[in-house]
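Quick note, the sequences are listed as chains A and B, same order.
Everything in the first sequence is counted per this note's numbering, starting at 1 for the first residue and increasing by one.
Everything in the second sequence is counted per this note's numbering, starting at 1 for the first residue and increasing by one.
Keep in mind that the hints are not guaranteed to be accurate.
The list treats identical chains as interchangeable, and a pair is accepted whether it falls inside one copy or across any two copies.
Here are the simulated BS3-like cross-link-like pairs (lysine-lysine), alpha carbons at most 27 Å apart as the crow flies [stated by the list, open to error]: (1) K287 to K343; (2) K112 to K287; (3) K112 to K291; (4) K281 to K261; (5) K287 to K310; (6) K370 to K419.
Simulated from the structure, these hints should not be mistaken for laboratory data.
Residue-level listing of the chains:
Protein chains: 2
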Amino acid sequence: MASKTAFALTAWEKPCFGKRRSQKSWCPYPKGVITIYTSYSGQISLINLSVLWCSQPAVRLKSMKKKAIILQSGGSTAVINQSLAGVIYEAKRSKTLSHLYGSRFGILGILKPNWINLLECPPRTLTALGETPSSALGSCRHQLNQRECSQAISTLKRRGVETIFIIGGNDSAQTGLKLARQARVKREKLQVIGIPKTIDNDLPGMDHAPGYGSVARFFAQTVQEAALDTRAIRYSDPVKIIETMGRDSGWITASAALGRKKYEDGPHLLYFPERPFHLSKFLQDVKRVYKRFGFAVIVISETIRDHHGKRIGSPASVVAKDQFGHAYVEGTAQYLCHFLESKMGVRARFDKPGTIQRMAMAYISKVDQKEAFGCGVHAVRLMRRSESGVMVAMKRFSNKPYRIQYDMVSLEQVAGHEKALPANFINRAGNDVTDAFKRYALPLTGPMPHNHVSFV
Amino acid sequence: MASKTAFALTAWEKPCFGKRRSQKSWCPYPKGVITIYTSYSGQISLINLSVLWCSQPAVRLKSMKKKAIILQSGGSTAVINQSLAGVIYEAKRSKTLSHLYGSRFGILGILKPNWINLLECPPRTLTALGETPSSALGSCRHQLNQRECSQAISTLKRRGVETIFIIGGNDSAQTGLKLARQARVKREKLQVIGIPKTIDNDLPGMDHAPGYGSVARFFAQTVQEAALDTRAIRYSDPVKIIETMGRDSGWITASAALGRKKYEDGPHLLYFPERPFHLSKFLQDVKRVYKRFGFAVIVISETIRDHHGKRIGSPASVVAKDQFGHAYVEGTAQYLCHFLESKMGVRARFDKPGTIQRMAMAYISKVDQKEAFGCGVHAVRLMRRSESGVMVAMKRFSNKPYRIQYDMVSLEQVAGHEKALPANFINRAGNDVTDAFKRYALPLTGPMPHNHVSFV
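Just chain A, with the same shape it has in the complex:
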C-alpha cells in the first residue's frame, strides 16, 4: 500500500529532499514498493531509498504530497455530499494530496480515529455520491472540549495530516476555530478550512449557504401543492399549518412564498422567529384570510417565540405530563392547530415534513447542487493557497443575470453568529415576505416548474 510511502514526509517534519522534490523525481516501481519509514523523533530512517534515483517515469513520488482530512458535521442537507464530491474531485485533479482521509461521524471519527482514504473513490462512486442526500461520511453534533481538542490535534499530527476540511454550519465553524486556536497554542501546523453547509442559511459573511436553495425549492413547491389541497377541500379542512425548520432564523419559512403566483393561492400567512408571535394577532390574521378566501394556508417556523421569548408549543406552554412522567411537548404547529380549532370552530391540520425537507432529492435546486460542488472545489484551492482559519463563502456580484464568485470569510466571523432574515425581507405586518426577498431567493431555487390549474 502507498500509505507507507505517504508516511514519510508529513507536516510535522522539517522539509527534506528539497532538491529532489524540485527535480520531480520519478521511479518505475508500483506505488506499494516505495517504502520509507520514519521515526517521529525528527530523525528519518530511509529504507529502499534507491528507488528515488530511478529515471523512468512511472509513479510520481507520493512522499512529496500532503495529507488532509475531511469531515461532515451537524444536520445533513440534500447537497452536502456535493461539497464532499467537490473536494475529492479537485484533490484528485490537482494531485496535491497523497491522502484525503474521510473522518466517519464528524469530529468523533477523529477522536477515535475512524478514517477512510477518499482518493481511492472511483469516478462512478463520486458521481453517485453527488446524488446522495445526507452526510455520506456520517455526522454528529458534538462540542469539543479542551482535552478532546488536544487529542484530535495529536491524532492528526501522529498520522501526518496537516489540513482539515470541515463541511458544516455555525457550530462546525466553532469546532474548526477551536482546533485552529489550539494548534496555534501548541505551535503545530494545522490548516483549518470550513465549507459552508446549512439549510438554515444563517451563516454570516456570505450571500447564502449551500443547502438553502434546495430546502427553499422544497418549500416553494410543496407549500403550493399543500395549498392546492386545502383550497380544494376548504369546506371540510379549511386551515393548514406547515411547520418549517431553520433554527432561530426565518429563511426557510420565507422560502415558502417563492412558489406563490397570486396571493389567493397561498401561503397566506408566514411567521418568522425574527418577530415576536402574538396569539391574538395570529387569530385575527387567520380569521381575516379565512373570511376572504374560505381557507387559510399558514407557514410557521418551529422556533417562533412569544413576546416573553418563550417558544410557542414548547414545554413551557404546557403543564400536562404523560404516563411516563414526561412533560407533553407539543410541536408548534400542533399547538396552533388546537388553538385555532378552539377559537374558530373549524378543522385545522398540520404538516411537519421534518427531515424530509432537507433530504428531498426530487425537489433539489440545480443551482444549489452546482454551488455546493463549487464550494468543495474552492476549499482545495484555499488549501493550496495556504489559507487557514477560513470558510469558503459565496458572494453575489450580479443578480440579473445571477452570478456568484467563491471567496472566503474568517471562521471567527461565522462561529457562534447567526444571520437573521433582514428587516427589509419581512413585510410591515410581520406575516409575509417582501419582493426584495423574492429577488434575493428565486435565483437560488431555480425556476418553479408547475403552472397549476384550479377551477375553484
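Following the hints, complete the assembly by docking chain B onto the known chain A.
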C-alpha cells in the same frame, strides 16, 4: 352560447327528431345561433327549426348529444386530475356529449348548483390539469342524506344531465350508490359511473387504485432519504419514526419498504393497522434493531391500534387538557417518540409529511399518472356502453411484464368496504413486508432512481 341548444334533447324528455338524428343533419350556423326552446311539460316548442334543413356541414346538431357531470370527492391525490383530464379528453374525442359539467366542491356543487362546462377547456389547460395535484374542481367530505339525494336528482333532471361521474374512493362510491338507488326508486334515468381514486389503495374488486402508485413512490424514496439522514447522525438522533396515512389499511406503510436495497439501510420496522400493536413488543423490536445497527428507522400507520382496538396516541391514551380545556391529542408518531425516549434514553424524532405525501408531484409515479388518465378514458367508454352503478377497475393480467386491463366493478362491491393488506404481504412478526408485496407493488411505482452512497 351553445347551452341553449343543448337544452333541447335531454334524458328527461322522450326521444324526438329520431329520423333527423339518423340523417346526421348539419347546419351552417355557428353554435350559438341554433336555438331550440323546450317546455318541461313534455311538449316541445321549436323555434328556428329551419336551420336543421340546411345542407352545408358546419356545426353538428348538438341537441342529439347527452349531458354529463363529473365531480371529485374525498381526499385529493397527486393524480386525481389525470382522471378528470382523461374524462374530458375522451368526451371531446368521442363527441358523445354536448356538455360535460364539472361540479365544484364535489356533491356540494350539485346541491347548490355550482357548475362549469369542461368541454370548453382548451388543450393547453388539459395538459396543465394533468400535471396539477389536488382536486382542480374542489372536493368535499359530505354524506348525502335522503332529502339531499332527492334534491341532487331533481337538479340533474332539471338541467338535463343523465350521467354522473364520481372520482373518489369508498365514501364516494357510497354517494354514487345512494344516487343510483334513489334514481331507480324515482324512476329517473341516471347513469352513475365511479372512477377510482385513493392513496389508501383500499378499494375492493380491483388490483389497485390510482393515487396509490404515487404515494408509494413518495414513501419508497423519502423513507430511504430520511433513513440516510438517521444513519449519518446516529450518535445524536438514532431513532426516527415516520407516520403515514392510509385509513385502516397498511398499504402506504408497506410501500415505505420498496426503496430498501439492504435491510440495514432501513426502514427496519413497519407497523400496520392490520395487526394489533403491542408497546412492549415494539420496544423490544426497536431495541434489537438499535443494538444491531446503532440506529432505527420505523414507519407506522397513523391508525395503528392496541389489542383493545384503541388508537395509539389517540385522545383515549392521554388524560391531559390544554388551557382551552381541549384534550391533548398526540399524534401516533409523537406519542411513540416520547415512549421510546423514556424507555431507551435516546433521542427519537418523527416526520409527519401529512398532505405533502399525497400531493408531491416531484415523486409522482409515471405508471400511476398514466393509469389515472386511462381510468378517466374508460369511464366515458362505460358511459357509451350504457353501464350504470359501476366503478372503473384495473385488473392485472400479467406481472412480468406488468400489464393491466380496464374493467369495472359494481358500486355495491366498493361502497363501505375496505381492502386490507393481505396476510401474505405482512411478515410473520408483523413488522415488515414480504417479497410477495414487493412483487405486487414495485410495478406500480416504477423503478427507484437513486443508488445512494454511504461510507458509514
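Comparing the hints with the structure gives:
no.	hint	in the structure
1	K287 to K343	within (10 Å within a copy, 42 Å between copies)
2	K112 to K287	between (56 Å within a copy, 25 Å between copies)
3	K112 to K291	between (60 Å within a copy, 20 Å between copies)
4	K281 to K261	within (26 Å within a copy, 49 Å between copies)
5	K287 to K310	within (24 Å within a copy, 35 Å between copies)
6	K370 to K419	within (23 Å within a copy, 46 Å between copies)
Of the numbered hints given earlier, the model fails none.
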